[in-house]
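K.L.:
As a plain string of letters, each chain reads:
There are 2 protein chains.
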Amino acid sequence: MPESTLASQMLPEVEAELKAAVERISEPSYAELMVMLSYHMGWVGEGAGLGATGKRIRPLLVLLTAAAAGGDWRNALPAAAAIELVHNFSLIHDDIEDDSPTRRGRPTVWKKWGIAQALNAGDAMFTIAHLEIMRLEGTTGDQIALRAARLLQETCLELTKGQFLDISYEGRSNLTQEDYWPMVSGKTAALIAACTELGAMTARAEPAIQSEYRQFGYNLGLAFQALDDLLGIWGDATQMGKSAQSDLVSGKKSLPVLYGLSQDGSFAERWRKGSIQPGEVEQLAHILESEGARDYTQETAVCLTERAIQALTQAQPRGAAGAELIALANQLLRRNG
Amino acid sequence: MPESTLASQMLPEVEAELKAAVERISEPSYAELMVMLSYHMGWVGEGAGLGATGKRIRPLLVLLTAAAAGGDWRNALPAAAAIELVHNFSLIHDDIEDDSPTRRGRPTVWKKWGIAQALNAGDAMFTIAHLEIMRLEGTTGDQIALRAARLLQETCLELTKGQFLDISYEGRSNLTQEDYWPMVSGKTAALIAACTELGAMTARAEPAIQSEYRQFGYNLGLAFQALDDLLGIWGDATQMGKSAQSDLVSGKKSLPVLYGLSQDGSFAERWRKGSIQPGEVEQLAHILESEGARDYTQETAVCLTERAIQALTQAQPRGAAGAELIALANQLLRRNG
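So the protein sequences, as listed, match chains A and B.
Residues in the first sequence are numbered consecutively from 1, following the working numbering.
Residues in the second sequence are numbered consecutively from 1, following the working numbering.
So that you can see chain A by itself, here it is in the shape it has in the complex (with noise of 0.2 Å):
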């Protein structure tokens, strides 16, 4: 994040939001559940910190939106620290979905304290989000509390049903690119599309306004992820020797594995053998992008991200809040150069 004024404002007050938030679970006896979520947000435990608690970007979203659409980015803060909660929610469960056993380069909730008590500790992450929304009773009113709070609910239908389908894929390997936006538009853009909506929502923009910033988070969430599946094979990490990490040893169901099995050739041949092992990467890597997929990838990442900066034009962002947002954007869409 670039040291700028309002981020940087911002920043620490949303860490005190979720600080406040989660401590409606502060009694004694639920002090290990307490420490479950906070090990989680980063703040205890081994290696907490900044590369534990992520950039908070989405809140920065949040906030940065309703400034730029004229509101006042503190009535928000109940709405950013939501988004955040809800966030680190999905990424509890997704953990334990995907028997994943590390994050952000430390062990997982379940990993440290099993399935079941990491399952009850996302539930509770998930309840204190709409309990935090709620707050903006306080600051925006009845109605646009509970307009918010209807949002966020139909946002976590969307990344329920987008889970579903990621797991549904499976042991699958009849996919195409077609199957890919409905799965990301809901693991990803619904939530990012969430942010910038809720932003304009609370500053009592326009209607049409409000819908030219969810035109903005959405496509910026579907840009974004078309972006860091590409990276996922032809990034840096990947490129420098690190073949274990690429997406193609983990099996996602990334952008270009799926233009790949719909191309039908050498690399869908080679995929529906089974998983891929490290040493095959490279070679690999260079077939696919020899069908397109590379290519293809780069593509749609552009035209997702002109979709988006049309969107935000069209919102007519204001001021210094307005130059962040699209400062912020670029930072997403452009993080590794």
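Please keep in mind that the hints were generated in silico from the structure rather than gathered at the bench.
Take these hints with a grain of salt, some might be off.
Unchecked claim - The calculated DSS-like cross-link candidates involving lysine-lysine, where the alpha carbons are at most 30 Å apart (straight line), are:
hint, chain 1, residue 1, chain 2, residue 2
1, B, K111, B, K55
2, A, K252, A, K55
3, A, K111, B, K19
4, B, K55, B, K19
5, B, K55, A, K112
6, B, K253, B, K273
7, B, K273, B, K112
8, B, K273, A, K112
9, B, K111, A, K111
10, B, K252, A, K112
11, B, K112, A, K253
12, A, K252, B, K111
13, A, K112, A, K19
14, B, K273, B, K252
15, B, K19, B, K111
16, B, K55, A, K111
17, A, K19, A, K111
18, B, K19, B, K112
19, A, K253, A, K273
20, B, K273, A, K273
21, B, K112, B, K55
22, B, K273, A, K111
23, A, K253, A, K111
24, B, K111, B, K253
25, A, K112, B, K19
26, A, K19, A, K55
27, A, K55, A, K111
28, A, K112, A, K252
29, B, K111, B, K252
30, B, K253, B, K112
31, A, K112, B, K253
32, A, K253, B, K273
33, B, K55, B, K252
34, B, K112, A, K273
35, A, K253, A, K55
36, A, K252, B, K253
37, B, K252, A, K111
Claimed, not checked - Stretches of chain B that chain A covers, calculated by requiring three or more beta carbons in the stretch to come under 8 Å of a beta carbon on chain A:
hint, segment
38, 24-34
39, 74-88
40, 91-101
These numbers were taken from a predicted model, which means no experiment stands behind them.
Don't be surprised by glycine CBs; every beta carbon is placed ideally from N, CA and C.
We have chain A; now place chain B onto it with these hints.
P.N.:
Just chain B now, with coordinates in the frame of chain A:
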């Protein structure tokens, strides 16, 4: 359920409301997700029907309270359906956490679809429950809808706290009956208290009356659990030779067991040695009774029932609904005679 006019009118409308709520995910791509939820609700799949749906006692409590408090029970339907959906969400997740292969005589969702899909289906049910309660906006207005949604979320936080305690008690043998109340308060009583409070809230009852209805539900929930625990050791099913079904075999931290542990006598000594076998159940139940656990549990249930009835009397329930509410409470508390 007695064939009373009101409850028999309510039940089909509850079922219709529940089905409409689950149909939020009726798009063809998510057909299997909807099947998971519909299966768990008892509508489809092997053994579907009345035995699989449960008795819908919680939604009836909401609706009868709404009517007894002077409201139109149809206005409370979104709250009634939401409570039942939350109850069922928690069952899907509890079955994963407790490693339970069957519920109501049918395979559990995780047993049929695996842990990943079941966990996610529970999240979907949770979200649908909260979207459902917000439909109160259309019947009772913004303000009550937001208050009701917040109460339901706070109740869910209590559920997760109760579940946290339950899991964390596993393997602990130094528990006493004091450890029992926060656990069952969260796991059982909080949701039944929410039923009666929501019913009174949607009827726009005075705050003092809402509070009496809540106390009625809360104590009813605790009394129900204490009696359920009594029957789990000395009930018909466990007395008639089905000793494998005894709570002593499953290791449940029930009130008689925790009382027995606090007495630190022969029962506690045997319990601390490890799992109870079906062949020991009859003798151990006798020892536990001789140490006073049965009387203690019975007296506790009677006392809680009296508190519940006292609160209900203070709430001055009206007309046929009031009479049916008392009948429903009695059904819940004396279910095995």
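K.L.:
Run every hint past the structure and note whether it holds.
P.N.:
How the hints compare with the structure:
Proposed proximity of K111(B) and K55(B) is supported: the alpha carbons are some 23 Å apart, at most 30 Å. Note on K252(A) and K55(A): the hinted pairing holds, with a Cα-Cα distance of about 23 Å set against a maximum of 30 Å. Between K111(A) and K19(B) the CA atoms are separated by roughly 37 Å; this puts the pair beyond 30 Å, and the hint is violated. Between K55(B) and K19(B) the alpha-carbon distance is near 16 Å, which keeps this suggested pair within the 30 Å criterion.
In summary, the hint linking K55(B) to K112(A) is not supported, as the alpha carbons are separated by about 38 Å, beyond the 30 Å threshold. With a CA separation close to 15 Å, the supplied pair K253(B) and K273(B) stays within the 30 Å bound. With a CA separation close to 34 Å, the supplied pair K273(B) and K112(B) exceeds the 30 Å bound. Taking the CA atoms of K273(B) and K112(A), the gap is about 27 Å. The hint holds against a cut of 30 Å.
Between K111(B) and K111(A) the alpha-carbon distance is near 22 Å, which keeps this suggested pair within the 30 Å criterion. Between the alpha carbons of K252(B) and K112(A) the distance comes to roughly 24 Å, so the proposed pair stays at or under 30 Å and holds. About 24 Å separates the Cα atoms of K112(B) and K253(A), which keeps this hinted pair within 30 Å; it holds. With a C-alpha separation of about 25 Å, the suggested pairing of K252(A) with K111(B) holds against the 30 Å cut-off.
Using a Cα cut-off of 30 Å, the hinted pair K112(A) and K19(A) holds, with the two alpha carbons roughly 21 Å apart. With a C-alpha separation of about 15 Å, the suggested pairing of K273(B) with K252(B) holds against the 30 Å cut-off. The suggested pairing of K19(B) with K111(B) holds, with an alpha-carbon distance near 23 Å, which does not exceed 30 Å. Between K55(B) and K111(A) the alpha-carbon distance is near 38 Å, which puts this suggested pair outside the 30 Å criterion.
For the suggested pair K19(A) and K111(A), the alpha carbons sit about 23 Å apart, so the restraint of at most 30 Å is met. Of the pairs offered as hints, the one joining K19(B) and K112(B) holds, with about 21 Å between alpha carbons and a cut-off of 30 Å not exceeded. Distance hint between K253(A) and K273(A) is fulfilled; the C-alpha atoms sit about 15 Å from each other, no more than 30 Å. Annotation: proposed proximity of K273(B) to K273(A) is violated, straight-line Cα distance about 52 Å (limit 30 Å).
As the CA atoms of K112(B) and K55(B) are separated by approximately 23 Å, the hinted pair is consistent with the 30 Å bound. As the CA atoms of K273(B) and K111(A) are separated by approximately 29 Å, the hinted pair is consistent with the 30 Å bound. For a cut-off of 30 Å, the pair hint linking K253(A) to K111(A) stands: about 24 Å separates their Cα positions. The straight-line distance between the Cα atoms of K111(B) and K253(B) is roughly 24 Å, inside the 30 Å bound, and the hint therefore holds.
Our distance criterion of 30 Å between C-alpha atoms is broken by K112(A) and K19(B), whose separation comes to about 38 Å. A distance of roughly 16 Å separates the Cα atoms of K19(A) and K55(A); the hinted pair therefore holds under the 30 Å criterion. Between the alpha carbons of K55(A) and K111(A) the distance comes to roughly 23 Å, so the proposed pair stays at or under 30 Å and holds. A hinted pair counts as satisfied when its Cα atoms are at most 30 Å apart, and K112(A) with K252(A) qualifies at roughly 25 Å.
Among the hinted pairs, K111(B) with K252(B) is consistent with the structure: their alpha-carbon atoms are about 21 Å apart, no more than 30 Å. Taken as a hint, the K253(B) and K112(B) pair is honoured in the structure, with Cα atoms around 28 Å apart against an allowance of 30 Å. A distance of roughly 24 Å separates the Cα atoms of K112(A) and K253(B); the hinted pair therefore holds under the 30 Å criterion. For the proposed pair K253(A) and K273(B), the alpha carbon gap of about 50 Å is over 30 Å, so the pair is violated.
Restraint check for K55(B) and K252(B): the C-alpha separation of about 23 Å stays at or below 30 Å, so the hint holds. Restraint check for K112(B) and K273(A): satisfied, since their Cα atoms lie roughly 27 Å apart, inside the 30 Å limit. For the hint linking K253(A) to K55(A), the alpha-carbon distance of about 25 Å falls within 30 Å, and the restraint holds. The hinted pair formed by K252(A) and K253(B) fails the criterion: a straight-line CA distance of about 42 Å is larger than 30 Å.
Restraint check for K252(B) and K111(A): the C-alpha separation of about 25 Å stays at or below 30 Å, so the hint holds. With 6 residues bearing a CB less than 8 Å from a CB of chain A, the segment 24-34 of chain B meets the requirement of three and the coverage assertion stands. With a cut-off of 8 Å between beta carbons, the segment 74-88 of chain B has 0 residues touching chain A; three or more are needed, and the interface restraint is violated. With 4 residues carrying a beta carbon less than 8 Å from a beta carbon of chain A, the segment 91-101 of chain B meets the three-residue requirement, and the given coverage holds.
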